[in-house]
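The UniProt record's numbering numbers the first residue of the sequence shown as 1 and each following residue consecutively.
Everything labelled a hint here was simulated from the structure, so no lab data went into it.
Some hints could be false.
Pairwise CB distance ranges (calculated) [unchecked claim]:
#: 1; residue 1: 35; residue 2: 197; range: 36 to 46 Å
#: 2; residue 1: 217; residue 2: 193; range: 39 to 49 Å
#: 3; residue 1: 243; residue 2: 63; range: 37 to 47 Å
#: 4; residue 1: 86; residue 2: 193; range: 36 to 46 Å
Predicted, not measured: the structure shown is a model, and the values here were computed from it.
The C-beta atom is built at its ideal place from N, Cα and C for all residues, glycine as well.
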Amino acid sequence: MSKSFNLEYNETKKGRLDAFINDEISELTRSQIQKFIKDQYITVNGQPVAKSGFKLTNGDKILVNVPEEEPIEAIPENIPIDVVYEDDDVLVVNKPQGMVVHPAAGHPDKTLVNAILYHCQINDDDMIRPGIVHRIDKDTSGLLMIAKNNLAKQSLMKQLKEKSNLREYVAIVHGNFKEKTGKINAPLGRSKTDRKKQAVVENGRNAVTHFTVLEQFENYSLLKLKLETGRTHQIRVHMQYIGHPVAGDPLYGPKNTLKGNGQFLHAKTLGFVHPRTNKWMEFSVEPPKIFLDTLMQLRH
Numbered sequence: 001m002s003k004s005f006n007l008e009y010n011e012t013k014k015g016r017l018d019a020f021i022n023d024e025i026s027e028l029t030r031s032q033i034q035k036f037i038k039d040q041y042i043t044v045n046g047q048p049v050a051k052s053g054f055k056l057t058n059g060d061k062i063l064v065n066v067p068e069e070e071p072i073e074a075i076p077e078n079i080p081i082d083v084v085y086e087d088d089d090v091l092v093v094n095k096p097q098g099m100v101v102h103p104a105a106g107h108p109d110k111t112l113v114n115a116i117l118y119h120c121q122i123n124d125d126d127m128i129r130p131g132i133v134h135r136i137d138k139d140t141s142g143l144l145m146i147a148k149n150n151l152a153k154q155s156l157m158k159q160l161k162e163k164s165n166l167r168e169y170v171a172i173v174h175g176n177f178k179e180k181t182g183k184i185n186a187p188l189g190r191s192k193t194d195r196k197k198q199a200v201v202e203n204g205r206n207a208v209t210h211f212t213v214l215e216q217f218e219n220y221s222l223l224k225l226k227l228e229t230g231r232t233h234q235i236r237v238h239m240q241y242i243g244h245p246v247a248g249d250p251l252y253g254p255k256n257t258l259k260g261n262g263q264f265l266h267a268k269t270l271g272f273v274h275p276r277t278n279k280w281m282e283f284s285v286e287p288p289k290i291f292l293d294t295l296m297q298l299r300h
């Protein structure tokens with residue numbers, strides 16, 4: 001769905017059009033804004049402006065029309081996947097590190113969805129994200145539940161909304177803890193300084209993470225983390241917020257960290273009520289080899 005923004009420039013000094021929009025609309029990148037200006041989706045005082053460096057003056061009214069994105073329809077691809085459980089309604093898979101969940105700009109193929117469509121029949125009205133009810137980040141490994149039909153999808157999404165399912169992670173994080181358990185209740189939203197990041201922000205979306213310390217090493221700890229909500233990058237942002245960023249995290253962690261294939265974060269345990277039988281189902285998988293090898297090195 002396309003959308004538009006109405007802005008007004010209220011500065012005594014002249015300013016660049018693209019820079020002003022970039023400051024005002026956090027969800028757009030500078031390159032997107034420049035393309036929209038070139039394609040005449042942006043007007044100043046009702047007139048299209050051809051140059052990104054157009055100088056705004058006090059009182060100028062800017063209309064930003066954001067065009068609807070071209071949908072990327074997923075196509076089946078013969079990519080091996082680790083199937084943990086499957087029946088006529090649901091599929092549980094162990095996603096490897098480095099795999100994107102569904103096609104999007106920058107990742108049109110070789111995603112988990114492409115692999116799933118080759119593996120089995122998905123009857124879903126959503127042709128862009130067929131079967132997907134929740135996601136984990138590209139470099140986070142672990143369990144995902146996939147709906148194979150609309151009945152299953154509605155049931156699984158309802159459980160996510162009502163927080164009645166189980167999602168537990170393990171992570172290696174920086175630093176040690178005095179307490180053995182904790183609860184992080186801090187709202188999340190887009191970072192105002194870096195649009196690639198999420199951050200703890202005032203008036204953000206409610207986000208709650210519970211953690212338990214499993215082991216402690218020199219400068220690092222192994223945690224079990226339970227999601228109460230499922231916001232974008234939630235665990236990674238919450239751990240950074242309390243001063244214990246996930247080891248190996250290229251976005252939220254320090255440069256001096258454990259070497260791996262991205263963050264040492266693994267969706268280990270997944271539980272839900274089966275949408276047709278109403279029976280509780282629970283699955284658990286061990287972290288990838290690089291995670292386990294790193295743990296062994298830390299223990300010794």
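Right, here's what the structure says about each hint:
| no. | hint | verdict |
| --- | --- | --- |
| 1 | 35 x 197: 36 to 46 Å | 22 Å, violated |
| 2 | 217 x 193: 39 to 49 Å | 32 Å, violated |
| 3 | 243 x 63: 37 to 47 Å | 43 Å, holds |
| 4 | 86 x 193: 36 to 46 Å | 43 Å, holds |
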